[in-house]
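Given chain A's structure and the hints, the job is docking chain B onto it.
Top to bottom, those sequences are chains A and B.
The numbering used here applies: residue 61 is where the first sequence begins, and numbers increase by one.
The numbering used here applies: residue 28 is where the second sequence begins, and numbers increase by one.
It should be emphasised that the hints constitute simulated quantities derived from the structure, not laboratory data.
Just to be clear, a hint being listed does not mean it is correct.
As the list claims (entries may be wrong) - With a straight-line cut-off of 30 Å between C-alpha atoms, the simulated DSSO-like cross-links for lysine-lysine are:
{"id": "1", "chain 1": "A", "residue 1": "Lys107", "chain 2": "A", "residue 2": "Lys126"}
{"id": "2", "chain 1": "B", "residue 1": "Lys133", "chain 2": "B", "residue 2": "Lys228"}
{"id": "3", "chain 1": "B", "residue 1": "Lys133", "chain 2": "B", "residue 2": "Lys231"}
{"id": "4", "chain 1": "A", "residue 1": "Lys282", "chain 2": "A", "residue 2": "Lys126"}
{"id": "5", "chain 1": "A", "residue 1": "Lys126", "chain 2": "A", "residue 2": "Lys138"}
{"id": "6", "chain 1": "B", "residue 1": "Lys185", "chain 2": "B", "residue 2": "Lys168"}
{"id": "7", "chain 1": "A", "residue 1": "Lys126", "chain 2": "A", "residue 2": "Lys283"}
{"id": "8", "chain 1": "B", "residue 1": "Lys168", "chain 2": "A", "residue 2": "Lys68"}
{"id": "9", "chain 1": "B", "residue 1": "Lys129", "chain 2": "B", "residue 2": "Lys232"}
{"id": "10", "chain 1": "B", "residue 1": "Lys133", "chain 2": "B", "residue 2": "Lys232"}
{"id": "11", "chain 1": "A", "residue 1": "Lys68", "chain 2": "B", "residue 2": "Lys231"}
{"id": "12", "chain 1": "A", "residue 1": "Lys68", "chain 2": "B", "residue 2": "Lys185"}
{"id": "13", "chain 1": "B", "residue 1": "Lys168", "chain 2": "A", "residue 2": "Lys107"}
{"id": "14", "chain 1": "A", "residue 1": "Lys160", "chain 2": "B", "residue 2": "Lys320"}
{"id": "15", "chain 1": "B", "residue 1": "Lys129", "chain 2": "B", "residue 2": "Lys231"}
{"id": "16", "chain 1": "B", "residue 1": "Lys232", "chain 2": "B", "residue 2": "Lys320"}
{"id": "17", "chain 1": "A", "residue 1": "Lys283", "chain 2": "A", "residue 2": "Lys138"}
{"id": "18", "chain 1": "B", "residue 1": "Lys129", "chain 2": "B", "residue 2": "Lys228"}
{"id": "19", "chain 1": "A", "residue 1": "Lys160", "chain 2": "A", "residue 2": "Lys283"}
{"id": "20", "chain 1": "A", "residue 1": "Lys68", "chain 2": "B", "residue 2": "Lys228"}
{"id": "21", "chain 1": "A", "residue 1": "Lys68", "chain 2": "B", "residue 2": "Lys129"}
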Amino acid sequence: MKNNIQDKIFDIFNYAFLISLALLCVLPFIHILAISFSSGPAATAGKVTLWPVEFNTNSYIYAFSKPEFIRAFFNSVKRVLLGVTVNMALLSITAYPLSKPVGTFFGRTFFSWFFVVTMLVSGGLIPTYLVVNWTGIRDTIWSLILPTAVNAFHLTILLNFYRQIPRELEESAFLDGAGQWTILFRLYIPLSIPALATLTIFNTVAHWNEWFHGIIYLDSMKKYPLQSYLRNVIIDVSFDTIDVNMMDILAEVTSRTFRAAQVVIATVPIICIYPFLQRYFVKGMTLGSLKG
Amino acid sequence: MNLSRIKKTNWSYYIMLLPAFLLVLVYHYGPIGGLALAFQKYNFAESIFNQEWVGLENFRYIFGYPGFTRALWNTLFIAIMKLTAHFIVPITVSILLNEVRKVYLKRYIQTLIYLPHFMSWVIISSIFIDILSPSEGIVNKFLGLAGIEPVYFLGEPKVFPFTVVATDIWKEFGFRTIVYFAALSSIDPNLYEAAEIDGAKRMKKIRHITIPGIMPIIVLLGTLSLGRILNAGFEQIFNMYNPLVYSTGDILDTLTYRIGIVNNEYDIATAIGLFRSIVSLLLVSTSYYMASKLANYRIF
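Next comes chain A alone, as it looks inside the complex (with noise of 0.2 Å):
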């Protein structure tokens, strides 16, 4: 009995604590959320916590009124259609010969090794911007794409699924008159649509993330994507944001709400592909850790 009570009491520690935790993580967005709806001089009063206060939508009318703002948000989705597109094709094409056996042509291991070794090292920032000015691709989407098309991290995720693809389904297409190409196509992508799926939703919300290739690379605001438009308004303070004119129609944007709300558009696709993400990422996860 005495031991019941003890665990009904460490149960309700334990529940109180973990929601608490959680809570904690939610709440910044929310609070975030609630400002972006509000009328800006009752955020500057301090007088939204989780509701909005005096609830109006100017702030958006004003960001999506931004021809800046819509720009980056497309700039954005144009890379990110451009650029997984790149790095899926890459990959499940380039996993398929890495994931036969050793032996099964000239030069297996040497490729193997030749790009596991860019995950332990790297030429670093001023090197690799050197190289993508020298090739030409600087201040174009392609410097966004390029550089980072071929990730070994995910190639080993594919290969490894590629592998517990059985040898005799190859062999019995092989037989039929199937060449390479035909077995990659027709079998092994099609089998290996879990690990597609999951991988394509992984280099989604990075090239929807990635900020900073934006920056360094692209010499005009006009092409940067979102998340780099967003850090030099939004962080970089030395960009002005409001534009005095529209003040005069939207009164009750300040420039704290506007920030609010461009934080807010800028989460909502990762906030819609989250239930995708969470069903998959674990499973990712564990995709990685089965070693041939």
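Showing chain B alone in chain A's frame:
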């Protein structure tokens, strides 16, 4: 039979490897070759293949430069605090989470705690810059209600490193908790039942079953984290720091950025980057070696 034909040289394999091979060659191995710049004096007028060699002069310069030593210590201080906290917090939370018996509650908590992991540092910093602001931020408003003077979380050099560590834990602990939690859920439930029959209380079960159950992954992640000792988190600090807190907040990576990209001193910045890479590589190899000894871990 025909199987021997599969083993014959197959050109399609090479064609499949070619695009990725070229990209990696240019954008990964190219910059590695570019590290030669650390031993050169960079001249903008010349091509990158035709620069003057100066031996170790750049390294002599950085070791004599006070900003470098300061950044090195700041990096170590912040990184070691982060490594320690990233060790203690997720393990504790995963053990507590494992004690929750209501399945739906477990799932809700997990869902909420790793949400911040998927947000970029631009977003997270924007949020913290707002809520930690001394004039308008909600945190200081609550501190004010408790009679505490406003704290300059992001502007006071003494406080800044701790703000960095705390916000980093806030962002990442949930994700790491799930890693340990996955290891915990693979513990054989029979062990708990057997212990219960023997009359073991909850604390005893945690100490003798749960903790030994995740020990291998604790040892593994612990040794591997050694390699990150010069990694204080560029993305975070770059988005949170400002000139007021350079004395305690400037790290090697942010220094490299300012010297290289802002001041265009490519040679000096490359030398700092190379120093950091060599130390990290030594630590990474040591830790992989230790991980393979202690936890029988192989990356490939």
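Here is how each hint holds up against the structure:
no.: 1; hint: A:Lys107 x A:Lys126; in the structure: holds (27 Å)
no.: 2; hint: B:Lys133 x B:Lys228; in the structure: holds (22 Å)
no.: 3; hint: B:Lys133 x B:Lys231; in the structure: holds (22 Å)
no.: 4; hint: A:Lys282 x A:Lys126; in the structure: holds (12 Å)
no.: 5; hint: A:Lys126 x A:Lys138; in the structure: holds (19 Å)
no.: 6; hint: B:Lys185 x B:Lys168; in the structure: holds (21 Å)
no.: 7; hint: A:Lys126 x A:Lys283; in the structure: holds (15 Å)
no.: 8; hint: B:Lys168 x A:Lys68; in the structure: violated (36 Å)
no.: 9; hint: B:Lys129 x B:Lys232; in the structure: holds (18 Å)
no.: 10; hint: B:Lys133 x B:Lys232; in the structure: holds (19 Å)
no.: 11; hint: A:Lys68 x B:Lys231; in the structure: holds (16 Å)
no.: 12; hint: A:Lys68 x B:Lys185; in the structure: violated (42 Å)
no.: 13; hint: B:Lys168 x A:Lys107; in the structure: holds (10 Å)
no.: 14; hint: A:Lys160 x B:Lys320; in the structure: holds (28 Å)
no.: 15; hint: B:Lys129 x B:Lys231; in the structure: holds (21 Å)
no.: 16; hint: B:Lys232 x B:Lys320; in the structure: holds (28 Å)
no.: 17; hint: A:Lys283 x A:Lys138; in the structure: holds (11 Å)
no.: 18; hint: B:Lys129 x B:Lys228; in the structure: holds (19 Å)
no.: 19; hint: A:Lys160 x A:Lys283; in the structure: violated (41 Å)
no.: 20; hint: A:Lys68 x B:Lys228; in the structure: holds (13 Å)
no.: 21; hint: A:Lys68 x B:Lys129; in the structure: holds (13 Å)
Violated hints, listed in ascending order, are 8, 12 and 19; each of the other numbered hints is respected by the structure.
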